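A.B. asks: So the chains spell out like this:
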Amino acid sequence: DTAVSQTPKYLVTQMGNDKSIKCEQNLGHDTMYWYKQDSKKFLKIMFSYNNKELIINETVPNRFSPKSPDKAHLNLHINSLELGDSAVYFCASSPTYDNEQFFGPGTRLTVL
Amino acid sequence: AQSVAQPEDQVNVAEGNPLTVKCTYSVSGNPYLFWYVQYPNRGLQFLLKYITGDNLVKGSYGFEAEFNKSQTSFHLKKPSALVSDSALYFCAVRDYYGNNRLAFGKGNQVVVIP
Chain A
1 DTAVSQTPKY
11 LVTQMGNDKS
21 IKCEQNLGHD
31 TMYWYKQDSK
41 KFLKIMFSYN
51 NKELIINETV
61 PNRFSPKSPD
71 KAHLNLHINS
81 LELGDSAVYF
91 CASSPTYDNE
101 QFFGPGTRLT
111 VL
Chain B
1 AQSVAQPEDQ
11 VNVAEGNPLT
21 VKCTYSVSGN
31 PYLFWYVQYP
41 NRGLQFLLKY
51 ITGDNLVKGS
61 YGFEAEFNKS
71 QTSFHLKKPS
81 ALVSDSALYF
91 CAVRDYYGNN
101 RLAFGKGNQV
111 VVIP
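Respectively, the protein sequence lines represent chains A and B.
Counting in our numbering, the first sequence runs from 1 upward without gaps.
Counting in our numbering, the second sequence runs from 1 upward without gaps.
To be clear, the hints were calculated from the coordinates, so they are not data collected in a lab.
Computed from a prediction, not measured in an experiment: that's the story for all the values here.
Hints are supplied without guarantee of correctness; some may be wrong.
So these bits of chain A aren't anywhere near chain B, every CB distance computed over 10 Å [said to hold, decoys possible]:
| id | residue |
| --- | --- |
| 1 | 16 |
| 2 | 43 |
| 3 | 60 |
| 4 | 80 |
| 5 | 84 |
| 6 | 100 |
Ranges of calculated distance between the beta carbons of each label pair, as one might list FRET restraints [unchecked claim]:
| id | chain 1 | residue 1 | chain 2 | residue 2 | range |
| --- | --- | --- | --- | --- | --- |
| 7 | B | 70 | A | 95 | 29 to 35 Å |
| 8 | B | 66 | A | 16 | 49 to 55 Å |
| 9 | B | 28 | A | 95 | 21 to 27 Å |
Every residue, glycine too, gets a C-beta built ideally from N, C-alpha and C.
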């Protein structure tokens, strides 16, 4: 009965590889988000979708591409991984964009 | 653009003592304010929010926060801290007027000493 789930929980990969992180929410929310938390625990919004429409697209490298196949899913694909991409990536959802957000458990990405 | 300041890196408090985590904000319009808690190796959990109405907001786990418009503050408080309250606490703000972004503070590590 997990509300917001992410897979995988841990991802270790080599520089230059392409990887994806999947997120699903079973709360019936309209809005989903991707955040990046760096090693200093600073949290930064990357993308947000509302009803499958991209509404926030922060200044992130275009190697990062979100995709929302339906309202319950928001995936993150990363091309040509770099060392600086190592971080914890959190997916979140909310009923609308001005409600509190519910966070997934995070995906710890380590690029070697 | 909206922003949040959490001036302290770490807050140490003895178990049973009052706990306060400070937050000040900057927005161009009326703020939506939130507090979240993050336990080790977990996602953030919502504690409470202020949208409008009573300046004193009560939330989960016995926490409360007071909205002070003149001081642009939204400090988180708990009357009696528990060891299990040791975690990372984030304040966040969203501008009421159409900016969909939630800006988070840098977080405060709270350590409750038994």
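A.B. asks: Taking each numbered hint in turn, which are not upheld by the structure, reported in ascending numerical order?
C.D. replies: 2, 6
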